[in-house]
Every structure is written in C-alpha cells, then in structure tokens.
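Peer 1: Starting from the known structure of chain R, arrange chain U with the ligands on it as the hints suggest.
Letter by letter, the chains look like this.
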Amino acid sequence: MRLGERAGLKPAKPMRDVFGEALLEVCRRNPRVVVLDGDLGNSTKAETVRHAFPERFFNLGIAESNLVCVGAGLAACGFIPFITSFSSFLLCNAYDQLRLAIALSNINAKVLGSHGGITLGKDGPTQMGIEDIALVGGLPTFVILVPSDPASMHKAVQAAVDHVGPVWLRSSRVAMPHIYPEDNCPFTIGKANVVRQGSDVTIVGCGIMVAMALDAAVILAEEGIQARVIDMHTLRPLDKETIIAAARETGAIVTAEEHLLTGGMGSNIARIVASTHPVPMRFVGLADTYTESGDPEDLLRKYGLTAEHIATAAREAVAAKR
Amino acid sequence: MMVTTQSVNIQVLKETARSLRLDILDMTTKAASGHPSSSWSCVEILVALYFGGILRYRADDPWWPERDRFIMSKGHAAPALYAVLAAAGYFSRDLLWTLRQVDSPVQGHPIQGLLPGVEATTGSLGQGLSLGLGHVLGGRLNRLNYRVYVLLGDGECQAGQVWEAAMAAAHFKADNLHAIVDYNKYQETGPISREMALEPFIEKWQGFGWHVEEVDGHDIAALIQALRAVQQVRGQPSVIIAHTVKGKGVSFVEADYTFHGRALTPEQAARAREELLR
Ligand SMILES: Cc1ncc(C[n+]2csc(CCOP(=O)(O)OP(=O)(O)O)c2C)c(N)n1
Ligand SMILES: [Mg+2]
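As they're listed, the protein sequences go chains R and U.
172 is the number of the first residue of the first sequence in our numbering; add one for each residue after it.
812 is the number of the first residue of the second sequence in our numbering; add one for each residue after it.
Because the hints were derived from the structure by calculation, they are not lab data.
Careful, some of the hints might be misleading.
In the DSSO-like style, the derived pairs of lysine-lysine whose C-alpha atoms are separated by at most 27 Å in a straight line are [as the list claims (entries may be wrong)]:
# : chain 1 : residue 1 : chain 2 : residue 2
1 : U       : Lys1015   : U       : Lys996
2 : U       : Lys841    : R       : Lys184
3 : R       : Lys473    : U       : Lys841
4 : U       : Lys841    : U       : Lys825
5 : R       : Lys362    : R       : Lys184
6 : R       : Lys184    : R       : Lys473
Bound conformation, chain U alone:
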C-alpha cells in the first residue's frame, strides 16, 4: 500500500490511534514486560507519519529504495513501532503477541534485519539522529529524494551524541532530515526538569542551526500540519517539539512516572482497556 498525501480523515486516524494503544497494552501485558507508557506517548506521532500522508512507503516492498525512512531512536518504544508497522501491513498482527518471547523477531528493542520496516537497531539511546543523517547523505550520493524522520525521547536528548548529530546535520544542510522529540517531560527516574533539565530546549535546537516547530503531540491534525510545514524548510534540518503525556490514554499511568519500563498487571490492564475503549 502506498499512502499518498490525499485528504485524511482525522476521525478515522483517532480510531487507529486507539487501536494501536490497545495493541500496545495487549503486547506488553502478555509479555509481562516492556515500556507501555513510553509507547503510548508517541502513538499520535506514528499515526500522523504512517497514516497521515506523510511517510511514503510500500509495506509490500519494504526496502523500496525511494521510501522515506523512519527511525525509532527511542528504541524502548518498540511496541508502538511494531503496532504501527503491523497496522500499515508490513507483517501480520499475530506476530505482535510474540513480543519478547524466545525465537520471535519481535524483540524487546528493534533489531535491524529481523522485521520489514524496522530501519535501525536501537535501544541504546542517542544513536538514531546520526543514523538518520547517514541516510540523508547516502540519499544524496544515490540521487534519491526521500525524507528521513527520527523520533527522539526527551530524556534521550541528554545524550551528547544527539547534539553531535544536530551540529553535523546543520553543517550538511540536511533539510530532508526531520527530528521529532516526544517531549513528555519525563525520563526513567523522574521529571526531566528535576533529573537533568533540557530547557531552554527550543533555543538549543535553534542555536544548533535547526528550524523548530512546536505542536501538541496528541493532536493528529496539528502534527500533520507541522510535518507538512517542515517539508517546506530549505537549507537547514528541522525538529518538531511534540508536547506529549507519558502514558497517554490511561489515567493512572499518566499520573505515575514509575510506570516507566513496567508492564501493567492483568488487573491494571483490564482497567486500562476500559479507559481506552471509552
């Protein structure tokens, strides 16, 4: 299936987001481990990319050379990536329920080469933006006009390598490189502002030569608009700061950052399902 930039029905996309959240819940609950809160945080971003007419891809020809690249740099949100790839038709949804089991390609963190659509091995934070820049430079040499999208965690932006990549991308005027920061204000051990503050965040990106857009990361229409806007930027890379809520969709997970890296108990999962279906 090739997604084009025709008009998109936001109501349908909201339903897609809901069904991805349920898949993420079921995958991680069955695996009794994983990062549901980090995955729920970025669902709308993925829906906008894959179903909002932004990414050009062919699920039945996953390594089509001209495809746009999506790199999940915050690799612990793998369940969200797997769920959206399955929904986009890259592989059977049945595979999702084997998450984190021995002999499954659906690894705890994404491993390149095991599943169609998984562009990079991630899970050690900080590497994705550099990989994305490599794809940009390779595209130039190969004379291919694809775009590269990289999803970063906000805690991940504490890694020095992110800023090495940021500097290099501006230097190489990588205007087809688009970072999206899942700015949910929390890292593993607590609030970003308490653990290792990022602010002034927008100014940091601007200081490194990036064009910045800011958006509500759960508003699919606004995300699509921002993703279209950055495609117009010339001569510099661009970043979308997506304000999000970690654990979005499940009130008691939103309210408790210690859910990071924890699956829900079956009892909690039942409550979460109720909320997500509401």
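So that you can see chain R by itself, here it is in the shape it has in the complex:
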C-alpha cells in the first residue's frame, strides 16, 4: 500500500525535487543566498540554482571537508551559504569542519543533508544516513529541521534562511505525500504541528514517518484507539510544550523515525517525558544495525518501519497505561 494511502493523503513528487524548487525560490527572494555543491547537484537537485544563478553556485567537487569550510568562509563575508550533499558524506567526511567552522563559530550557514534514512534504497548502506540526526545532535548550535511533505519543505527552506545561525535540513530522496494544503502549512521553528487529534495515544513522527503515523492512526481508529499525530518538523529546539501536553492528555507516546533509535528523536523526546510527565513510551526506528540495498518498501518492511509497526507499538503503549 502506498505511503499515506490509508490516511487519504494525495501523492506528491519526490522530496528532492521539491527541495530544488524551494532552494531556487529562496535564491530568487534573497540575493545573499549562495549554493555550494559536492558534485551531487543532480541528485540533491541543488542544480536548479546552477542553471538560474550560475554565479551564485559553486561545485567544490568530491571534497566535503573543503566544501564545508569554503561555505563557512562565504558566510563570514555576509553571504548565506546553502551547503548541499548527502548527509552521510557531509557528516562523516566533514564533521570536524562542521564542528569548528560552523557549529562552534555559530556561523550563519545552512546545510542540506540529503538522502537521510534508508529510503534511498538500492544504493545501500554506504550512502544512507541512518545516524545523521545523532551526529548533528552532537553539534549543539545547529537547528535541525526535518520536513514531512512538499509544503513543509518549502517552509523549512525559507525558515532556514530566515533563521540567523546554523541550520541542518534533513531531506530524503523519496516522495512524501501531501500532509498540508500547499498554501497553508504552519511552520515555526521549534513549534510542532498536531496533524491529527486524538486522546488515547500520541504518535510523534518526523519526515516520512509523519505520513506513516497518519496511516497507523487509521488502523488504530478501526480498533477504537484514537491516536494524536504530531509532526515534529524541528528536532532542535524540541517543542517541549507540545510533548508534555501530549503526555498529559493522551497518557502514552510512540515515536517514529527513519533513523537509528540510538541518538535519535525518540531518545530526546523520552528525556523530556521522563523528566516532566512520565507515561508509557514505545519507539519505532532502526535497531543497532546497518541495513542493506533494496527497494525502499522492502527495506521499510524488513527493518520495522511500517504503519503496522507503529500501530503495534501504539497498542503496546496503550496497554501499558493500565
């Protein structure tokens, strides 16, 4: 079954295409935005800017540590660099550069870490970013944004440019169905969106897992369990208020992420819940293992990231309330 089909969500184009359009838009609006590429503009779709504004586009080649520091230098000159590549290559090749030149220097740079998660599929584990959120988590001045649909991608790219300071934007290769009307997506950094009301359990998702959580909520509703669904589009700063309200009002929380459970969104939410209003929690994400090449759907099923897995976790969390 197609992602978001149960929940009646309309299919959309691949997120990387949406990113390309959104990036071009902010470049049109703000002449200070410049784009840096690590020879992947055709994959990240940063190439839209290359065609429209060739003088504001720099391909630094297959050399990510250089890429990051050159971006930081441009930022020091008053430009707003959008540094783009796969999350795995940036974080794993240029972590020290991200750490000193951008995070610790609190530089106004934006980073697109594309191809996050396992849904890039067939290229396999060497290219996947299953630990990217954990690694960016270790760069404490970075705001972390994970859009969940086309409208929120547009808003996230704009918000990244408007925010002063380091911003990490996690994107995926695949299509994510429309969750919001294209002209009406609330998006404030640090303010989560409740995308479905419910009182029995809360499912917190980010990225592709929001649509999946909405699918799971339909399964649960058929069994009489009313699930609230939260789109946690900002992973730092986390929206404590919305999390605490969910714990109070629904009494059980499930988190769902296309990422290792270790060091991911769920563990950060658990810290907030445990220290404010402890309720039963369950966690959907990747166990401590690498995945493999394959069709995205096959991988999601094999590694436990489906609406059914979320529904099972929700039933367990609800049962643990008593």
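Peer 2: Quick look at chain U with the ligands alone, frame taken from chain R:
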C-alpha cells in the same frame, strides 16, 4: 584457480571484456539502478588485472594471505567488480542478478565480509588508497610479498584523503602499492575540467613522489605492459593513469554524461546489447 604470468591471449581477453560489459548491463538493468557507465569505463583495467597475469589470487582460497590485493576505491563501479570476481570463479554468476535486492550480498556498493574477493567497503569516495597503504604496511610486518592495486576514479582524486594517502605512500616508499586512475574525464555532474580541474595531473602525482605511467585504459595489452612495468619500480609507489571513456562500449552512453548513476531502460538496454555484441 591461480593465474600465472604466462603468455596471455589478448583476443580471449577482449571477449572476456565484452562478456563482463554484458553482465554489467544485465545486472544494472534488472536492478533498474546502479552505475553502468562508471563500470564499463574500467572493464579492461579489471580484465588486465584478473586475467592478464597480474594479480596473484586463488578464487577457491579467497583470503590466501599472500594474495595480491585489489581495492575498488570507486565503489560505485561495484557491478564491474562483481562481474570480474564471478568470472574469476569467486562465486556463482547467478548471484549477479540479485544486485541491489534485499537479502543479497551483492550490495549497491561493495561491503567487506559479504562476498569472497571483496577486500574493502567502499562507496564514500576517497578511502581506498589509504586502505591499500595499510595493506602494504601490514604486509611488511607480516613479511609477505604481495602487491596492492587500488582503482581510483578521476573525480575521486578531488578528495583530499587521496593526496594524504599519496604523501604517506611516498613517505613509506610503498613500491608495492599501485594506484590506477580510471581517467574518463567525467565526474557525476559534468566534465572534470569544468567542475573541478585535476590538471596538471601527472605532475601532481610526480610532485607527491610517485612514479607515473600513462596508458590507453581500453588497450588490454598496453595495460598489462604498464602493470608489469610498475612492478619494476623501486623505492616509490606508482600510479597508472589510464585514459578511458566513461560508458565505453555503448555509443549513446559514451556521448551523455548524465547517464552517471542511471541504469538503462529496457529499450536502451536492448540497443546497448546490440552494440556490445557487434
Ligand atoms: C565522499 C563522496 N562524495 C560524493 C559521492 C557521490 N558520488 C558517487 S560517484 C560520484 C562521481 C565519481 O566520479 P569519478 O570518481 O570520476 O568516477 P566515474 O564514475 O567517472 O568512474 C560522486 C560524486 C560519493 N560516493 N562519495
Ligand atoms: Mg570519472
């Protein structure tokens, strides 16, 4: 099977190259993804290494300690590596058709430990030459006399780590370390000269203390000759700059760099097959 440095029949090796190209086509078309153009670029290099009497290996004893090492640093050319390993008898050719499918050891990029003959996990470009140097230094400590061959992409040579390894290899006088650059003049997003120029390339390697050979990377006899020549070099590592054509063998892929990282459609594959069989 142990390949020795006896006389080799170039005509036979050309047929081997053709059959590897067809395997690469079939694997990536079936997987509907992968990097056929990057794989076709390096077919003759692999044939010269594995069937030209250069690499000493035992397919039935893949981790034989004295084997020469081959490291596919440009890991996205995995289909070429898998095809040559299967042809050399490391594993069944049937496995090739499971490329990129869930539960298959034939991963999109090579993963160490999943298949015999795969010496390294690669796919993040820039790492193979350093790994090769590690094998050289380990061989010295273990008193084993093998050689280490590392295949690099030209775009890959933009990575700083390649030059860190180059500096270190010269420093350690690693004369049994042989880099081969698949110099096809293209990277992912366009021509190397436009995206991030490497020239003067030979001078760069020489400046880092390397012996350099230059060769037509699709001429198997010339490749074998160059690979033998570098074995004679003493006191410094050596690199073979192999001038190649990305997508070699299929005219419409050779002519269009945007085929990078794209499988052929079934219709294109049929045309490619015709050309390869010609
Ligand atoms: C560190 C790193 N950055 C980016 C990539 C994405 N990527 C895969 S192949 C490729 C182009 C490689 O070009 P080249 O080395 O010339 O190999 P060719 O395909 O031409 O043989 C790029 C940029 C990668 N695999 N690793
Ligand atoms: Mg190349």
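Peer 1: Evaluate each hint against the coordinates.
Peer 2: Hints versus structure:
1. U:Lys1015 with U:Lys996: Holds, at about 16 Å.
2. U:Lys841 with R:Lys184: holds, 24 Å
3. R:Lys473 with U:Lys841: holds, 21 Å
4. U:Lys841 with U:Lys825: Between U:Lys841 and U:Lys825 the Cα gap is close to 24 Å, so the pair holds against 27 Å.
5. R:Lys362 with R:Lys184: holds, 26 Å
6. R:Lys184 with R:Lys473: Cα-Cα ~25 Å, so holds.
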